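*Asks:* Below are the chains, spelled out letter by letter.
2 protein chains.
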Amino acid sequence: MLESLLYPESIALIGASRQTGKVGHEILVNLLEGGFAGQIVPVNPSADEVLGLKCLHDLTAHDGSVDLTVIAAPTAFVEEAVKSAISARTKAIVVVTAGFGELGAAGTEMQSFIARLCADSGVRLLGPNCLGVINTDHRMNASFSKRMPKRGGISVLSQSGAVCTAMLDWAVARGLGLAKVVSIGNKADLNECDFLSAFVDDEQTKVIVGYLENITCGDEFIKVACRAASAKPLVLLRAGVTSAGMRAASAHTGHIAGHDIAYAAAFKRAGVIRAESFDALFDYAAALSMQPLPKGDRVAIITNAGGPAVMAADAVEQSGMKVAALNRDSATTLKQELPSAAIISNPIDVLGDADPQRYATAVKAAQRDDAVDSIIVILTPHSMTRPAETARAIAACSSREKPMLAVFLGSADAMSERKELVDCSMPDYPSPERAVAALRAMFGYATWLSQPARVVTRFPVNRNRVDRIISRHQKTNQVQMGEVQAKEILRAYDFNVPDGQVANSADEAAEIAQRITFPVVMKVVSPDILHKSDVGGIKLNISSAEEVRDTFDLLTLRVGRRAPDARLQGIYVEKMCVHGLQVVLGMTYDPQFGPMLMFGLGGTFVDILKDVSCYLAPITADEAMQMLSETRSYALLRGSRGQADIDISAITGALQRISQLATDFPQIAELNIDPYIVGSPGTEPMAVDARITLTADPYPPSQADSGK
Amino acid sequence: MLESLLYPESIALIGASRQTGKVGHEILVNLLEGGFAGQIVPVNPSADEVLGLKCLHDLTAHDGSVDLTVIAAPTAFVEEAVKSAISARTKAIVVVTAGFGELGAAGTEMQSFIARLCADSGVRLLGPNCLGVINTDHRMNASFSKRMPKRGGISVLSQSGAVCTAMLDWAVARGLGLAKVVSIGNKADLNECDFLSAFVDDEQTKVIVGYLENITCGDEFIKVACRAASAKPLVLLRAGVTSAGMRAASAHTGHIAGHDIAYAAAFKRAGVIRAESFDALFDYAAALSMQPLPKGDRVAIITNAGGPAVMAADAVEQSGMKVAALNRDSATTLKQELPSAAIISNPIDVLGDADPQRYATAVKAAQRDDAVDSIIVILTPHSMTRPAETARAIAACSSREKPMLAVFLGSADAMSERKELVDCSMPDYPSPERAVAALRAMFGYATWLSQPARVVTRFPVNRNRVDRIISRHQKTNQVQMGEVQAKEILRAYDFNVPDGQVANSADEAAEIAQRITFPVVMKVVSPDILHKSDVGGIKLNISSAEEVRDTFDLLTLRVGRRAPDARLQGIYVEKMCVHGLQVVLGMTYDPQFGPMLMFGLGGTFVDILKDVSCYLAPITADEAMQMLSETRSYALLRGSRGQADIDISAITGALQRISQLATDFPQIAELNIDPYIVGSPGTEPMAVDARITLTADPYPPSQADSGK
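As given, the protein sequences belong to chains R and G, one line each in that order.
Throughout the first sequence, residue numbering follows this note's numbering, covering 5 to 712 in sequence.
Throughout the second sequence, residue numbering follows this note's numbering, covering 5 to 712 in sequence.
It cannot be assumed that every hint is accurate.
Since the list gives no way to pick out one identical chain from another, each pair is judged satisfied if it fits inside one copy or across any two copies.
[Said to hold, decoys possible] EDC-like mimics (lysine to aspartate or glutamate), calculated; alpha carbons at most 20 Å apart, straight line: (1) Lys227 with Glu634; (2) Lys154 with Glu207; (3) Lys58 with Glu37; (4) Lys26 with Asp359; (5) Lys614 with Glu634; (6) Lys26 with Asp357; (7) Lys579 with Glu688; (8) Lys423 with Asp301; (9) Lys150 with Asp357.
Worth flagging that the hints you see were computed from the coordinates, not collected in a lab.
These numbers come from a predicted model, not from an experiment.
Full structure from sequences and hints, please.
*Replies:* Right under this line is the structure:
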């Protein structure tokens with residue numbers, strides 16, 4: 005689909021300049037030096053020739069069509085340039101020029117207008133405000149980056165030109181190859197999803213890496229990212245995750261991105277490998293593009309020095325992986341073949357003066373050992389070490405079945421051996437910690453890949469009933485639903501809620517209480533009172549008919565005094581629940597990614613420790629279980645230290661039914677069950693308090709395309 | 005004190021070799037190439053000349069004394085070499101040769117013997133199994149590292165030769181200067197404390213960095229590290245922090261180090277800046293050696309590209325520092341002097357094509373702005389950027405009052421501007437995250453430096469009473485104290501414990517209960533029953549005399565049945581406490597660092613979330629408060645969400661009294677108060693349950709020298 009952009013046969017450059025340092029000059033230099041084999045058509049109203057090429061004053065003067073037009077003209081002339089490109093029957097346009105959406109409303113309007121011009125003519129637009137596009141497979145550097153990387157398997161997409169530049173620089177410095185590099189700029193038309201799609205289908209691309217601050221369309225992103233990650237590793241760095249970062253991102257893009265918790269949930273769902281830092285982005289890309297994925301979490305460490313091996317062992321354990329316990333055969337082999345002073349446990353210390361052969365012996369043993377899933381090879385240079393030969397010797401032992409990562413310390417004069425390592429497809433790290441982090445990312449991705457197909461269970465529920473309750477409530481023009489209605493909805497989705505009924509008189513309240521048996525709870529019912537306890541509108545643990553009557557009067561009088569304008573619809577009399585563990589179940593409708601479920605232990609755990617997990621709906625049974633086990637407080641649920649066992653399935657089932665409710669009814673903007681009380685298996689869990697907020701718009705736009 | 009080792013006038017090298025690649029050859033090459041100006045005396049039984057120098061067959065043949073003898077002879081000849089060095093009246097010896105303590109018991113014995121030989125003659129010994137020693141101030145490279153760094157202010161001490169090598173390599177590659185580099189090896193005599201002391205007094209040394217796996221003497225370390233950190237920054241990387249890392253460290257050093265939690269507490273107390281990774285060690289050293297410390301946590305970010313600035317803002321907020329809100333004057337200046345498209349909030353975006361002048365404008369504004377404490381300058385290279393000039397322009401604006409860190413992206417061809425940055429004393433980082441981490445380390449150290457002098461409060465207590473209780477208990481030859489005695493000790497140190505008394509009959513129990521008023525708790529008292537609840541030996545909430553009598557019989561019978569061999573000393577009848585927040589207070593005697601205090605919220609917080617803080621005794625009132633505020637659950641103590649306020653001073657006071665008890669009585673190996681119940685201010689806190697374990701040895705060795 006993006007053939008004309010990535011593999012054009014002819015390229016026009018509007019704004020081609022004779023002046024060194026000008027963007028329109030650098031792009032032309034890059035096209036020429038990169039070795040682009042197709043036709044190049046420079047356009048500049050005031051030049052007849054640039055860099056030895058004939059230059060047109062206007063693209064409309066061009067004889068025939070061009071596949072791709074790159075526009076580097078000043079901002080004020082971009083619109084005209086786009087028009088001339090369209091009339092020259094161009095198929096794709098890259099606007100490199102800045103000064104659009106990133107500057108505010110006027111710029112956004114300009115760029116939307118240009119995007120519409122393109123769309124009306126079936127032309128795809130990259131940018132504006134971008135570095136351009138590079139395709140090593142086509143020897144095309146249509147960007148103003150100075151660097152042309154060699155051909156390779158890593159494709160890059162980035163919302164920041166600076167990150168593209170850094171990535172190019174890194175690849176060239178390390179001798180790594182890249183495939184496609186796309187700077188997506190302001191995303192007036194083409195965005196991350198378009199290029200993710202293109203990279204999935206691109207045979208040259210083995211690994212996709214990207215930098216994003218915001219995502220244009222959440223639903224589509226999840227679909228395409230999931231497809232991408234199923235086919236090849238997708239590593240993304242997302243910045244703008246803190247409030248300071250969000251403000252900074254918004255200041256330079258004009259976009260306000262959603263909360264990172266939703267992005268994190270989307271990445272998790274889609275199998276995206278998330279890089280937490282700039283270093284990590286490069287580190288992970290190198291490992292993933294050069295080495296196979298590990299089949300497990302047991303790491304062998306081979307070293308010629310103690311200190312770095314201790315650091316590696318620390319990092320492995322801290323990452324949640326394991327320092328492998330070598331099997332007996334390996335120990336025997338190593339004992340026979342290594343010097344007696346060598347350490348043959350793991351880390352395997354081949355000693356400071358180890359030659360390539362000794363490293364090879366240790367690597368072979370680890371390769372053969374079925375208790376080892378991956379290998380880290382550490383080399384500290386001394387007068388006796390021969391790093392380049394060692395690199396070749398190690399690489400020669402690779403069966404390509406277990407990932408092998410190198411930590412060759414000593415950066416100063418090690419360029420030649422580093423090149424050697426790259427030539428042997430061994431990724432190399434400046435510290436043990438960074439090698440382990442890359443390995444951990446590979447292991448996490450391998451785990452995601454090996455998950456069974458996602459099957460979302462659908463529970464038998466009374467959907468029509470919820471439809472009626474919501475429709476009825478929407479007529480009130482209030483988004484906030486009361487507890488009574490929220491609980492009716494939950495009941496229709498098979499939640500247990502405490503027995504209860506609204507009373508309109510003290511006598512009626514007493515009757516209800518006697519029917520549902522004591523003790524009871526009484527709460528005011530009013531669409532105008534959101535926080536009932538703030539007006540003293542809740543009373544717990546009422547255990548006689550007389551107390552019920554008194555409480556009815558007390559609550560009614562209190563509301564009259566403390567919230568005189570509130571419409572009181574009665575007093576809710578409800579069976580009191582006391583036993584079990586309190587958890588919080590929730591859902592919020594994320595503007596980007598749709599319904600997002602939340603789980604946490606009640607009280608302190610949610611309020612103070614923020615120990616919650618969030619997943620995007622719809623969730624599977626496995627994912628519901630993961631939501632529980634991801635919290636730090638999970639051990640409490642499993643029942644330790646003599647506490648009673650908790651009915652875990654009551655919680656995972658509830659989360660799945662909330663997931664179903666949220667996907668069935670996108671009108672629900674927010675749902676909160678706090679507390680949901682769960683006891684030991686066999687007891688009835690109970691949604692003790694609940695709140696639902698509807699969207700202000702009765703038919704949210706995402707409803708139409710949420711047919712996942 | 006280490007003058008002869010660091011500034012020798014003459015050096016003998018036993019094991020000097022003519023063969024390239026041999027350690028004894030490389031050291032001689034390094035001494036010569038490093039430019040050592042004193043006398044060099046090579047010794048080799050089978051050579052008359054090495055590298056143009058006359059070679060002795062035996063050091064005893066040397067005419068006159070030598071200050072320093074470096075021994076690189078094979079392991080079997082080291083003892084003889086040491087003897088000859090001593091007879092040549094050498095003042096210090098470095099044994100580079102390996103094959104000693106790191107290989108096991110026989111090696112340890114050998115190295116101890118050599119150390120005794122030296123000690124008996126008043127000779128100091130470095131090593132064995134080390135890289136050697138470098139002193140740039142003396143143009144001395146008495147090591148087998150290939151690298152001789154330039155003169156500078158960073159001194160290095162390392163338990164791993166590999167880390168020394170990496171540090172040297174890094175310094176040379178980055179053009180940074182070092183002062184002294186000492187590889188401490190097996191520490192048969194000289195250890196980290198000796199060199200910390202030497203570096204504190206060394207005028208050349210501005211920053212001390214080190215790598216350690218274990219510490220030889222905890223008490224001394226804290227004293228000397230504290231003195232060092234008060235004078236100059238001390239950055240340490242400690243490896244072997246996980247169980248896998250500890251095993252790896254023990255395999256290659258033969259030492260078993262203590263738990264990292266004690267090291268962490270010691271580092272915190274001593275003001276050590278802890279590096280969490282290899283990268284961090286270098287990154288922090290660079291910033292600390294080149295820039296002043298920040299006076300606060302407000303960071304200005306100056307950039308020519310959006311993406312990296314967003315990453316920097318994220319990193320600042322995640323580190324707990326703040327992205328500064330610039331003051332009005334800065335905004336006005338920036339608006340006037342920068343192009344209109346520039347972003348003049350913080351991060352300040354001077355735009356992609358920024359020239360050195362534009363950077364200088366922004367830097368000057370941030371330097372002047374009193375709402376800014378530190379500055380990060382990010383530069384992404386484009387065709388228009390002039391990195392080297394920009395580096396000079398930025399550095400020229402520095403008032404040396406606020407730290408300024410650079411992030412010049414693009415590593416490939418940036419060596420020249422990196423050199424420029426180093427020449428301007430601007431530390432430079434490959435990613436925004438790493439610059440921010442270095443800044444955070446500086447800020448943490450500045451905060452430690454600005455703390456008031458430590459004053460430990462001493463409370464009036466009944467020390468004699470505790471002395472008697474402990475002496476009495478020691479006669480039983482049991483280390484474990486019962487609850488009753490533990491509470492007697494606590495009472496003597498002014499803790500409230502519930503009223504209670506041991507009963508020897510049902511009637512006596514009923515009498516006691518009536519006196520202390522109901523409800524009461526009853527517990528079996530036996531030196532042989534550690535976990536009373538395991539035998540059903542506790543009963544709570546007893547509210548009548550009859551129930552007390554029944555319980556007395558029940559508990560007595562149960563012990564007879566379930567623990568027939570246990571000596572039952574009666575049944576403890578105690579007032580039951582119910583109200584308040586449960587916290588856990590503890591102390592364990594760390595073999596390295598002495599008494600270490602622990603605080604955590606009761607139950608789940610300690611058991612499941614491991615949300616505890618640990619400080620070394622004695623603690624000050626401020627430190628007691630820090631112990632509380634460092635826990636994640638601190639918000640709970642402050643009383644949020646309508647919970648009653650907690651009497652914080654009841655907890656900090658208790659921690660200080662435990663601190664006093666632990667320093668007064670090193671015989672106490674472990675103390676645990678769980679729960680300690682605290683209510684709102686004005687109520688009485690209560691040590692509800694307590695356990696004390698004594699050391700097996702009644703006079704632990706550390707008692708003698710714990711007179712801090």
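*Asks:* Does each hint fit the structure? Answer for all of them.
*Replies:* Here is what the structure says about each hint:
For the identical chains of this complex, Lys227 and Glu634 are neighbours neither inside a copy (24 Å) nor across copies (42 Å), given an alpha-carbon limit of 20 Å. With identical chains, the CA atoms of Lys154 and Glu207 are at most 20 Å apart within one copy only, with a shortest distance of 16 Å there and 50 Å across copies. Taking the closest pair of Cα atoms, Lys58 and Glu37 come within 20 Å of each other only inside a single copy of the chain (17 Å); across copies the shortest separation is 60 Å, beyond that limit. When the C-alpha separation of Lys26 and Asp359 is checked against a cutoff of 20 Å, the pair qualifies only between copies, where the shortest distance is 14 Å, while the shortest distance within a copy is 52 Å.
Taking identical chains as interchangeable, the C-alpha atoms of Lys614 and Glu634 lie at most 20 Å apart whether they share a chain (13 Å) or sit on different chains (16 Å). Proximity of Lys26 to Asp357 under the C-alpha cut-off of 20 Å is restricted to the inter-copy arrangement: shortest distance 10 Å between copies versus 53 Å within a copy. In this homomeric assembly, Lys579 and Glu688 come within 20 Å of each other (Cα to Cα) only inside a single copy, at 14 Å, whereas the closest approach across copies is 37 Å. In this homomeric assembly, Lys423 and Asp301 never come within 20 Å of each other (Cα to Cα): the closest approach is 28 Å inside a single copy and 41 Å across copies.
Proximity of Lys150 to Asp357 under the C-alpha cut-off of 20 Å is restricted to the inter-copy arrangement: shortest distance 14 Å between copies versus 42 Å within a copy.
In summary, the structure is inconsistent with hints 1, 8 from the numbered list given earlier, while agreeing with the others.
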